[in-house]
Amino acid sequence: MARAGFSPLYQLDFEAPINEIEEQIEALEATPDAANFADELTKLRETRDSFLRKIYGGLTPWQTVRIARHPLRPHTADYVSLICRDFCELHGDRTFGDDAAIKTGFARIGPMKVMLIGHHKGKTVQEKIAANFGCAQPEGYRKALLKMRLAEKLKLPIVTLVDTPGAYPGIGSEQRGQAQAIAMNLMEMSRLRTPIVSVVIGEGGSGGALGIAVSDRVGMLEHAWYSVISPEGCAAILFKEANERTNTIAAQSLALTAKRNLENGLVDDVIAEPLGGAHRDHRKTAESVQNWIVDRLQELVRVNAEVLINQRFDKFRKMGAYEEVAASV
Amino acid sequence: MPAIPAAQWDAAINLAEKKGVPAGIWMQCPECAETLFRKAVEANLWVCPRCQHHLRVSAKQRVEQLLDPGSFEPFDEHLAPVDRLQFVDNKPYPQRIAESQRKTGNNDGILSGFGFIKGRRVSLAVMDFSFLGGSMGSVVGERITRAIERGTAHDLPVITVACSGGARMQESGFSLMQMAKTSAALARLDEAKGLFISVLADPTTGGVTASFAMLGDVILAEPRALIGFAGPRVIQQTIRQELPEGFQTSEFLLERGFVDRIVHRRDLRSEISRVIDYAGR
Ligand SMILES: [Zn+2]
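Those protein sequences? They're chains D and U, same order as listed.
Using the working numbering, you'd call the opening residue of the first sequence number 1 and step up by one each time.
Using the working numbering, you'd call the opening residue of the second sequence number 330 and step up by one each time.
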């Protein structure tokens, strides 16, 4: 069985010491008389955990981005199976088609009935291609808005799970108005008269992420990223080349980690991940995400709709960093 | 999403200057290469008299072209950008800001204020491409938001002229959230039944298109302007095929149903006032 958090196709170089220890643990566990090695196993697990604490305690922002993209990290589909007691998927934007890059549907999470909206990346190659690797097209954003309006009518709160490298840049998406679709979501979400909570579970790639995240509360998983541009995009512009070195600088500059976004007042909460990242323990991660969603929604459903949308407006109204100077230059 | 290509700013700005206000008595049209008398082009609102190519104009020129003479009452000029993220770049962000400020005489890439268009009072915000590619950072977003809010409070039509490569990379998340902020302000204008006319000039891309610029009750575009979400280069790199002729031009957007009218620069004032009159104000 593959080790938790280990994908032969996606080895994180900075996890190399952990991989070695995990291999030893596995080998020992596989021996017929494993019970005789209980002490050794305990010791090895302790060593592994101390490595994990050390490595995950000192991640660079670029390393965080790579964790956020880990193929074994829980995606929207995983959360659906782990936290939704029921998921009644609803398809289509009623205009053009059904974008697989955004999933929408009724869901039951804990005691709540909600409308769930989430970026979908896909697991198999076919799924990934169908979902454009989580890069939504205009029909995805329009589908999301349509279902969010339905939620408003039915007085259901909205939960969105954000995980996209960015909105899809293609001929078709331009022809069908990618910019207009995202813009419309930003405007309409700001005045939807029902609670909206969002969790950035992996990648928060710019407008493609914000297009489903104009929310009363935005939580970010500890090792997710959220920024105006990807580190590679930024590096390519700044340094003409995206490589390990320039991506590291760009990721640092973009202040894209959960902690920095919280400090800058752009998200409301950081949701802790299990030791060694969400990809090591889906169940535990899903539990934290579920608790956060339910807690926030239970606060928000008590708030009068008028107050709710005013507070939502005020939250985004304050965002920005500028100073007041005496006069024009 | 395409933010402003910072390393290409200098090139873009040089181009903007070439396209914008070339020095000397004579100039060459960047489109048809005709040698033109500069004063004649200026008198023609910086539109080539021969091929009707719309040259890029600064925010100051745009305000002069749009508003009744002497009617501009600027607001929020005291807002200035800061390098809150201590962004690492080939050239430090504060230095880029200072250079653009010196060049434009403005704190950031936008002019906003009250003014009159053919006797109709409006709240106006105009972007300036020559300031870091017209990119939208916190100051630009804040000033657009305030222009919308002033229009809402005073029951005035809100007019914006977009001319921008998108969100400003150097302010990262702060820039991104200006998209939500400006769009939310437009929702409030809409609730108050206020009129928003969005004018799109060359270029309008990225986070500006994907927020307030595409939310006009009426969207007017100058002829042959580049308008899109992703930049043509990003799309080409993604799909690895040639882009169709005329892709992402004003005419392309009109055909696809994303702009209301394509308006020649000399007709902008009359077209805007014509629309305002239908709003019964
Ligand atoms: Zn010409």
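If you are wondering where the hints come from, they were derived from the structure by calculation, not from laboratory data.
Any given hint might turn out to be false.
Unchecked claim - Within a straight-line C-alpha distance of at most 30 Å, the following computed BS3-like cross-link-like pairs (lysine-lysine) qualify:
no. : chain 1 : residue 1 : chain 2 : residue 2
1   : D       : 153       : D       : 318
2   : D       : 153       : U       : 447
3   : D       : 128       : D       : 113
4   : U       : 447       : U       : 420
5   : U       : 389       : U       : 432
6   : D       : 240       : U       : 447
7   : U       : 447       : U       : 522
8   : D       : 318       : D       : 123
9   : D       : 318       : D       : 54
10  : U       : 420       : D       : 155
11  : D       : 240       : D       : 54
12  : D       : 113       : D       : 54
13  : U       : 420       : D       : 240
14  : D       : 155       : D       : 43
15  : D       : 284       : D       : 259
16  : D       : 43        : D       : 318
17  : D       : 54        : D       : 43
18  : U       : 447       : D       : 318
19  : D       : 284       : D       : 153
20  : U       : 432       : D       : 259
21  : D       : 240       : D       : 153
22  : D       : 128       : D       : 284
23  : U       : 522       : D       : 318
24  : U       : 389       : D       : 318
Claimed, not checked - Just so you have them, the derived chain U footprint on chain D, three or more residues with Cβ under 8 Å:
no. : segment
25  : 13-24
26  : 29-38
27  : 187-198
28  : 223-230
Claimed, not checked - Simulated coverage check for chain U against chain D, where a stretch passes if three residues somewhere in it have a Cβ under 8 Å from a Cβ of chain D:
no. : segment
29  : 362-370
30  : 385-396
31  : 454-460
32  : 468-478
33  : 521-531
In this text, all values refer to a predicted model and were calculated from it rather than measured experimentally.
Every residue gets a Cβ at the ideal spot worked out from N, C-alpha and C, and that includes glycine.
Taking the hints in turn, this is what the structure says about them:
Of the pairs offered as hints, the one joining residue 153 of chain D and residue 318 of chain D holds, with about 28 Å between alpha carbons and a cut-off of 30 Å not exceeded. For a cut-off of 30 Å, the pair hint linking residue 153 of chain D to residue 447 of chain U is broken: about 43 Å separates their Cα positions. Pair hint residue 128 of chain D plus residue 113 of chain D holds up; C-alpha atoms about 29 Å apart against a cutoff of 30 Å. Proximity of residue 447 of chain U to residue 420 of chain U is assessed by CA-CA distance (about 43 Å); at most 30 Å being required, the pair is judged violated.
Of the supplied pair hints, the one linking residue 389 of chain U and residue 432 of chain U holds, its CA atoms being roughly 12 Å apart against a limit of 30 Å. For the hint linking residue 240 of chain D to residue 447 of chain U, the alpha-carbon distance of about 47 Å lies beyond 30 Å, and the restraint is violated. For the hint linking residue 447 of chain U to residue 522 of chain U, the alpha-carbon distance of about 22 Å falls within 30 Å, and the restraint holds. Of the supplied pair hints, the one linking residue 318 of chain D and residue 123 of chain D is violated, its CA atoms being roughly 38 Å apart against a limit of 30 Å.
Between residue 318 of chain D and residue 54 of chain D the CA atoms are separated by roughly 36 Å; this puts the pair beyond 30 Å, and the hint is violated. Between residue 420 of chain U and residue 155 of chain D, the direct Cα distance comes to roughly 51 Å. Violation of the 30 Å bound is thereby established for this hinted pair. Distance check on the hinted pair: residue 240 of chain D and residue 54 of chain D sit about 33 Å apart at the alpha-carbon level, beyond 30 Å; violated. This hinted pair does not check out: residue 113 of chain D and residue 54 of chain D have alpha carbons roughly 40 Å apart, beyond 30 Å.
Under the criterion of a C-alpha separation no larger than 30 Å, the hint pairing residue 420 of chain U with residue 240 of chain D is consistent with the structure, at around 14 Å. Between residue 155 of chain D and residue 43 of chain D the alpha-carbon distance is near 53 Å, which puts this suggested pair outside the 30 Å criterion. For the proposed pair residue 284 of chain D and residue 259 of chain D, the alpha carbon gap of about 20 Å is at most 30 Å, so the pair holds. A threshold of 30 Å between alpha carbons decides the hint, and for residue 43 of chain D with residue 318 of chain D the separation of about 50 Å lies outside it, so the pair is violated.
Taking the CA atoms of residue 54 of chain D and residue 43 of chain D, the gap is near 17 Å; set against the 30 Å cutoff, the hint holds. A distance of roughly 35 Å separates the Cα atoms of residue 447 of chain U and residue 318 of chain D; the hinted pair therefore is violated under the 30 Å criterion. Among the hinted pairs, residue 284 of chain D with residue 153 of chain D is inconsistent with the structure: their alpha-carbon atoms are about 33 Å apart, more than 30 Å. Only pairs whose Cα atoms come within 30 Å are accepted, and residue 432 of chain U paired with residue 259 of chain D is rejected, the gap being roughly 36 Å.
A C-alpha spacing of about 49 Å is found between residue 240 of chain D and residue 153 of chain D, which places the hinted pair above 30 Å, so the restraint is violated. Proximity of residue 128 of chain D to residue 284 of chain D is assessed by CA-CA distance (about 25 Å); at most 30 Å being required, the pair is judged to hold. With a C-alpha separation of about 24 Å, the suggested pair residue 522 of chain U and residue 318 of chain D falls inside the 30 Å cut-off, and the hint holds. In summary, the hint linking residue 389 of chain U to residue 318 of chain D is supported, as the alpha carbons are separated by about 28 Å, within the 30 Å threshold.
Check on the segment 13-24 of chain D: 0 of its residues sit with their Cβ under 8 Å from a Cβ of chain U, so the three-residue criterion for coverage is violated. Check on the segment 29-38 of chain D: 0 of its residues sit with their Cβ under 8 Å from a Cβ of chain U, so the three-residue criterion for coverage is violated. Closer than 8 Å: that is the beta-carbon criterion, and the segment 187-198 of chain D has 4 residues meeting it against chain U, so the requirement of 3 holds. Under the rule that three or more residues need a Cβ within less than 8 Å of chain U, the assignment of the segment 223-230 of chain D holds, with 4 such residues.
With 0 residues bearing a CB less than 8 Å from a CB of chain D, the segment 362-370 of chain U misses the requirement of three and the coverage assertion fails. For the segment 385-396 of chain U, the assignment as covered by chain D is violated, since 0 residues bring a beta-carbon within under 8 Å of that chain's beta-carbons and 3 are needed. Under the rule that three or more residues need a Cβ within less than 8 Å of chain D, the assignment of the segment 454-460 of chain U is violated, with 0 such residues. Coverage of the segment 468-478 of chain U by chain D holds in this model, with 4 residues showing a Cβ closer than 8 Å to a Cβ of that chain against a need of three.
Note: the segment 521-531 of chain U has 0 residues with beta-carbon separation from chain D under 8 Å; the three-residue rule is not met and the coverage is violated.
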